[in-house]
Structure formats: structure tokens, C-alpha cells
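K.L.:
Single-letter residue listing:
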Amino acid sequence: MIPELLAPAGNLEKLKVVVSYGADAVYLGGKNQFGLRAASENFTEEELLEAVHLCHQNNVKVYVVLNSFFHNKEIHQLPLYLDFLESIKVDAVIVSDLGVVELINSHCSIPIHLSTQSSCLNSYSAQFWKSRGVERIVLGREVSLDEAQKIREQTDIELEMFVHGSMCMAYSGNCVISNYTSGRDSNRGGCAHSCRFEYELEDNGKKVTDTFMSSKDLFGLRLLKQYQKAGIASLKIEGRNKGPLYAGTITKVYSDALKVIKKGEELTEKLIEQWEDELKKVSHRDYTEASLVQKASNDSIYHQREESNREYDVVGLVADVVENEFIVIEVRKKFQKGETLEVLPFNGPIHELMASQLLLMDSQEIEFTNPGGLVKVPYIPNIAVNNIVRKRANI
Amino acid sequence: MKIVANYSQSLDIDKVDELLICPNELSRHGVASYEELAPALKSINKRKVLVWDILMVQKDFEYAQKLIENIDLSLFDSIRVQDLGALEYMRVEHPNIPVQFNAETGFHNTKSLVAICQSHRKLEKIIVSLELSKDKLKEIIQELSPYSIHFEIMAIGPLLLFYSPRNLLSPHFNKSAEGIISVNGKSEETPHKGFRITENRHGTFMFHPKDHSLLDYLDELKTLGVDHFRVDSTELVAQTINFIKFRNSSDLEVIKKSKPHIKGYFNVNKSDALFTRLKNKHFIKKEDGFIGEVLSSQKESYIAIKILKEGLVKGAPIKIVTPEGKEKRVLIKKIWNSRGDELSGSEKGSLAYIDYIKGVSKRSFVYNNATS
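Here the protein sequences line up with chains A and B, keeping their order. The first sequence begins at 164 in the numbering used here and counts up one residue at a time. The second sequence begins at 7 in the numbering used here and counts up one residue at a time.
Honestly, the hints are just simulated from the structure, not real lab data. As the structure is a prediction and not an experimental result, all values here were calculated from the model. You can trust all of the hints, since none of them are fake.
Once the Cα atoms are required to be at most 25 Å apart in a straight line, the calculated SDA-like pairs of lysine to any residue come out as:
id, chain 1, residue 1, chain 2, residue 2
1, B, 368, A, 476
2, B, 65, A, 298
3, A, 458, A, 394
4, B, 192, A, 355
Over 12 Å on every C-beta distance to chain B, these chain A residues come out as not near it, computed from the model:
id, residue
5, 222
6, 250
7, 272
8, 388
9, 401
10, 429
11, 440
12, 473
13, 474
14, 475
15, 501
16, 510
17, 556
Glycine residues also receive a C-beta, built at the ideal position from the N, C-alpha and C atoms.
Model the full structure from these sequences, guided by the hints.
P.N.:
Listed below in C-alpha cells is the structure:
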């Protein structure tokens with residue numbers, strides 16, 4: 164079995180990007196307090212409808228997050244929303260709260276996936292959730308692949324695991340720093356990312372200043388075969404709050420890698436290194452395999468305040484292609500005439516694009532672009548609308 | 007009103023109703039091993055609860071399972087668990103032993119707690135979350151009354167904010183002989199300082215700089231239906247127990263003066279209030295007549311529209327709603343494509359251009375004015 168690739172969709176634009184770049188399924192949240200990314204743009208009901216339509220047209224599944232820990236007030240608000248989700252035929256909902264699982268089971272027949280927020284870590288726990296009607300479990304990020312295999316063998320439940328992206332340092336659902344320092348419920352979408360802060364630690368006169376609770380980013384690319392061997396049904400990419408370049412690049416790399424596995428070919432060191440190069444081009448912290456092989460050790464801690472590792476910036480998205488004439492870029496970041504850009508096609512290798520001429524839409528020539536505008540650049544073949552355009556970062 | 011406290015040699019056991027036995031192999035804050043604790047257990051003539059409150063990945067669970075299988079569980083009146091795997095294990099393997107469920111994390115609605123009550127016929131007590139305000143607590147306890155279970159709350163003690171399995175302090179500090187590191191932490195975010203952070207065999211724990219105290223609300227909590235009050239403090243334990251038992255105000259004064267306390271969310275929990283302000287409501291699209299989104303606005307030149315729904319038609323009225331919520335109504339005189347070719351209309355998925363409209367910016371929404 165080849166695992167499904169599950170990508171984040173923070174909004175409709177990002178959804179289109181990850182679908183184009185090879186996601187088998189997407190997860191997204193509505194504009195309500197039922198998910199854990201309150202600051203993310205999320206989806207109106209109309210956008211959700213459009214998202215489901217677009218995804219199903221492309222054989223992509225849609226999972227909607229309802230993974231807050233609910234208070235009674237939200238529980239009472241949920242049935243109407245469930246009716247809507249069922250009516251538009253979402254493929255599953257992702258839930259953390261036992262009360263929500265109970266409500267869904269009694270109210271509708273949408274399949275339930277258990278969120279990693281529930282910290283399901285062992286086979287007895289998996290059995291508990293299975294007995295409550297959960298169809299798939301997103302295991303806690305502390306679980307190793309060997310342990311996951313055991314859980315699957317002992318419970319015969321479908322498992323999903325994270326494969327890439329930012330990680331909570333705490334057991335998910337077991338951090339309430341934001342609740343008491345910022346007045347924002349971290350388990351209802353208000354996480355202030357206090358674990359990324361710098362802390363001064365002091366013991367008996369010894370002082371250390373460090374981001375001691377900040378985790379490096381998960382990197383499971385080299386372990387794809389082990390995920391497959393463990394029988395993991397779905398590989399999840401973290402990042403509903405991340406931009407389209409991030410979402411598109413990560414999705415493309417993992418999608419390309421899974422295609423190789425699907426063909427029965429080897430993931431050679433050369434291929435992996437190429438993909439690693441691509442992954443390094445988007446904003447990220449240092450990478451770790453965390454607990455996938457053995458318990459996360461000291462080297463899984465990220466000792467920097469910000470995620471500064473980024474080789475490339477996204478400069479825009481392809482807005483229009485006029486065959487054999489020019490490409491229109493919707494500019495997100497300034498670039499200059501003469502710069503070498505790169506375009507990420509939905510499939511296959513990266514295309515180089517020399518910005519030898521920059522024209523405004525009225526054909527006025529310019530020397531540099533401004534974010535927010537449209538610009539015409541020279542035509543190259545095999546480019547499509549919504550392809551990501553990037554350039555090497557000025558670090 | 008029953009008092010629950012962690013067993014230690016210095017505790018006046020006679021004044022406590024229920025003792026928490028915390029072996030360090032199974033309990034997140036236990037100090038002594040089960041082997042060290044076991045000899046004293048038989049002679050203690052009080053309700054004894056074995057605390058098995060760590061969260062466990064499969065390997066750790068298997069280790070804990072072996073340990074539990076070697077413990078004489080008849081020494082205990084109940085087993086306290088937090089990991090749902092431990093709850094399920096007790097249900098399957100030891101169905102006749104009473105259990106207590108620690109619901110301090112992630113159980114804030116009646117339905118979830120009803121499900122817990124229904125999941126184990128020997129469930130005797132729920133330890134409720136400190137994030138529940140008194141109104142919510144009242145509602146939940148009332149709705150759970152058919153299950154005839156007890157409710158416990160931490161009356162006073164350190165407030166756990168963070169629980170990680172990773173060893174976060176040992177890269178910087180040395181462990182004590184007991185294998186524990188304890189430091190004070192100050193966040194870059196002022197004024198947050200004085201966090202107590204400890205590392206032990208189960209990982210790293212961070213606590214609020216101030217202890218959580220509900221000592222001022224004991225009678226109110228009793229009225230709500232809470233019947234067990236836990237003392238997690240390690241200082242002034244005797245005074246605290248005295249106060250809970252006899253309400254001597256001088257004991258309370260000593261406790262209050264000893265260190266700062268918070269009452270957390272007992273009166274009201276507004277930790278979701280910020281969320282609506284995090285969103286720009288004008289980004290919400292209306293149901294009818296939506297055509298597309300402005301991708302770019304070039305002063306005195308054009309408005310570029312990504313056509314997402316119905317086509318744009320020359321001569322038709324449209325309405326544009328800016329991100330600030332301002333509305334502009336115009337008649338489309340001219341439509342053209344990226345090549346500059348004039349069009350009579352525009353298809354879904356294409357990029358279309360109309361004449362510049364003052365005040366319209368990127369991310370404005372375009373509607374068919376006839377239907378919106």
C-alpha cells in the first residue's frame with residue numbers, strides 16, 4: 164500500500180497549490196472556532212463547497228478539522244455545521260475531543276479521524292478510540308514507526324502520521340502556556356507559540372539563555388519506505404499557516420518521492436539529495452527525525468529564536484500564460500530585471516526563467532517589480548497558472 | 007468534603023481522606039520508586055490510590071504494563087489514570103478495580119465526560135479541569151449526576167502548563183542524585199518570570215510562576231458538587247489541610263502570605279475571546295453573485311480580476327467590496343485579457359482586466375450587482 168499524501172490548505176489559494184502539486188488529500192478548517200488555527204485565514208462555507216468540488220474533481224479527499232477541545236457552548240453550535248459538512252460530502256472530519264466524537268456518531272455519518280491533539284500513543288488508547296467509532300488515528304508525534312506498526316497490528320485501525328513540518332514540543336493537547344500567559348486557549352486555536360520563545364534558565368547561580376523548548380522541524384523523507392512498511396495509511400504535512408511556496412514545495416517533493424515508490428523503483432541517494440536540496444529552499448528550522456526511529460534526543464532541540472533557514476523566496480505565482488508570447492506573474496516580492504528566477508512546475512524538474520525583460524500590463528518597461536502588481540516576463544514552455552515562482556534569497 | 011494529598015513521610019496521614027501513592031515509574035511527579043514505597047503501604051489505614059498518570063508511547067506502555075502486572079493491586083482502593091490507553095487497559099485487564107480519571111486536560115464538555123463515565127463501569131471519580139469556570143463546572147456536574155461519581159479538584163498547588171517527553175534541561179544542567187533537574191525560567195515576554203521547570207525520567211514539566219488556589223471558594227465548590235479537594239502544594243501542607251477542614255482564617259492568611267496565587271479561570275474563562283478579532287470579517291464572501299477576486303490594481307490603468315465563478319460580462323453592473331468593507335458599484339465598459347484583446351465576457355478560471363477604479367485594491371471581491 165502506498166500511503167496517501169495529506170497536505171495543509173490554509174485557504175483556497177493554498178488548496179489549489181497543493182492539489183496542483185500532487186496532494187492526495189487536504190486538510191482544512193472552517194471560519195469558526197472548531198479548529199486549532201484561529202489565526203489562519205480558513206474557509207467560509209462557500210469556499211468549502213468550492214474546495215470540495217475542486218478536490219473531488221481531481222480525486223483528492225477533503226478532511227475538515229474540528230480539533231479544538233470543545234466547551235459546552237461550542238458543542239451546542241456544532242450540529243448545524245456538521246449538517247453542512249455532510250451535505251457537501253467532505254470525506255472526513257479530524258477531531259480531538261471525545262465529546263465531539265460522541266456527537267458526530269449520534270448526529271451524522273461523516274467518518275471521524277482522531278487528531279494528533281488527542282495524543283494517542285499506544286495500542287490500548289487506539290483500541291479505546293476505535294471502540295468509540297473513530298476510523299483513523301493520527302498518532303502522537305512521539306510514537307516511533309516501529310511502535311506505530313505494532314499499534315496497527317494490534318488494533319487493525321487505519322493510521323496517519325506526520326511526515327514533515329513544525330512540531331509541538333509538548334505532548335499535543337498538553338500545553339496551556341498561552342492560556343495562562345496570553346489569555347488565549349491553545350487548545351481552541353489560540354496558541355501563542357510560547358515554546359519558540361527564548362527563556363533565561365537559572366539554577367544555583369548558573370544562568371543559561373536558550374530557546375530550550377523549541378523543536379526542530381520534522382523531516383521524514385528518508386524514512387518513507389519505513390512508513391510504508393509500518394502500514395501507515397496517510398502521511399501528513401504540517402503547515403496550514405505557512406505560505407503557498409512552502410506548501411507547494413513540500414507537497415511536490417513528497418509527491419515525487421511517493422511516485423517513485425509507487426513505480427517500485429528505489430529511492431536512490433541521488434534522488435533524496437535532490438529533494439533535500441528542494442526542501443532546504445523553503446523557510447524551515449533545522450530538520451530532525453524526532454522520535455520516528457528512536458526517542459527524540461537533545462539534538463532535536465532548535466536553539467534559535469526564528470526559523471531563518473531559507474535559501475529561496477517566493478516572488479510570485481503565475482497568473483496567466485499567453486502561449487509563445489509571455490508569462491504574467493502576480494508579484495509577491497520584489498525582483499529586478501536580469502535576475503534568474505525558478506518556476507516550480509506541478510510535475511518534473513524546476514524551470515529556470517531569466518527575467519531579461521519586465522513589462523507592466525500596458526507594456527511599459529520597468530527595471531524592478533513591486534509586490535501586489537502584475538508583470539510580464541519572457542515566455543518559456545511548460546509553465547502553468549498557479550506555478551510558484553521563486554528566486555534565491557538575499558541572505 | 008474529603009481531602010486528597012500525595013503520600014509522603016512528612017504528611018499527617020490522619021488528617022487526609024485519600025492518599026495518592028506516586029511511584030516514579032508510573033507517576034509524572036513521583037520521587038520514590040514503587041519498591042521504596044511498597045513496604046509502608048500495608049500499614050497505612052487510609053484509602054490509597056495508585057497514581058498512573060504518565061502519558062505513554064507503546065514502548066513505555068509495555069514497560070508500565072509489566073510493572074502493573076507485578077504490583078499487588080489489592081493494596082489499593084483505586085487506580086488513577088490520565089492516558090486513555092491506561093483507562094482502557096484497566097477496563098480490559100482489571101475490570102473490577104475502581105478507577106479515577108484525570109480529566110484536567112482536554113475534557114471541557116459534558117458529552118466527553120459522559121463518554122468517560124460510560125466507558126468503565128468501575129469509574130469512581132473524575133478529576134476536573136481547572137479551565138472550567140464555576141458555571142460550566144456546575145452545568146457539567148449536574149448533567150453527570152445520574153452516574154453517581156465523585157468529583158475532585160486541585161484546591162491548591164502548582165499549575166502545570168507544559169508536559170513534554172523530551173529532556174529539555176539536561177543539555178544545560180546536571181541532574182540531582184534522584185535524576186531530577188529543577189530550574190527557574192524567565193520568558194523573553196515580560197513580565198513572565200519565575201516559571202518552575204523540572205526534568206525527570208518522564209520528560210520536562212513547566213509550571214505557572216504562581217500556584218493555583220481555590221481555597222477562597224471551597225464552600226462554593228462544594229455547593230457545585232465537588233466533594234474531593236486535592237492539596238498538591240509541598241509547602242504549608244499542614245496549614246492547608248487544617249484550613250480545608252476547619253476554615254481557620256489565620257491558616258489562610260499564612261498560606262496567602264507565603265507566596266502569590268492565582269484563581270485562574272474559576273470565575274470566568276474568556277480565553278476564546280480574542281479569536282473573533284483575529285479575523286477580518288470583510289474577507290467573508292457572500293453566497294450569491296460572487297465573480298472573483300481582485301489580483302492587482304494598477305493606478306490609472308487597470309483592475310485585474312481572477313474570475314472564480316460566473317463570467318464577467320461587458321455592459322453589466324458589478325459591485326466590488328474592498329478588504330475594508332467599502333462598496334463600489336460600476337458598470338463594466340470594457341473587458342480585456344492579458345494580451346490586451348478586448349472581450350465581451352470572461353470565463354471562469356481566466357484573468358480579466360477592467361478599467362481602474364479608485365479605492366479598489368488587491369483582495370477586493372467582485373460581485374454581479376444584479377444578484378448581490
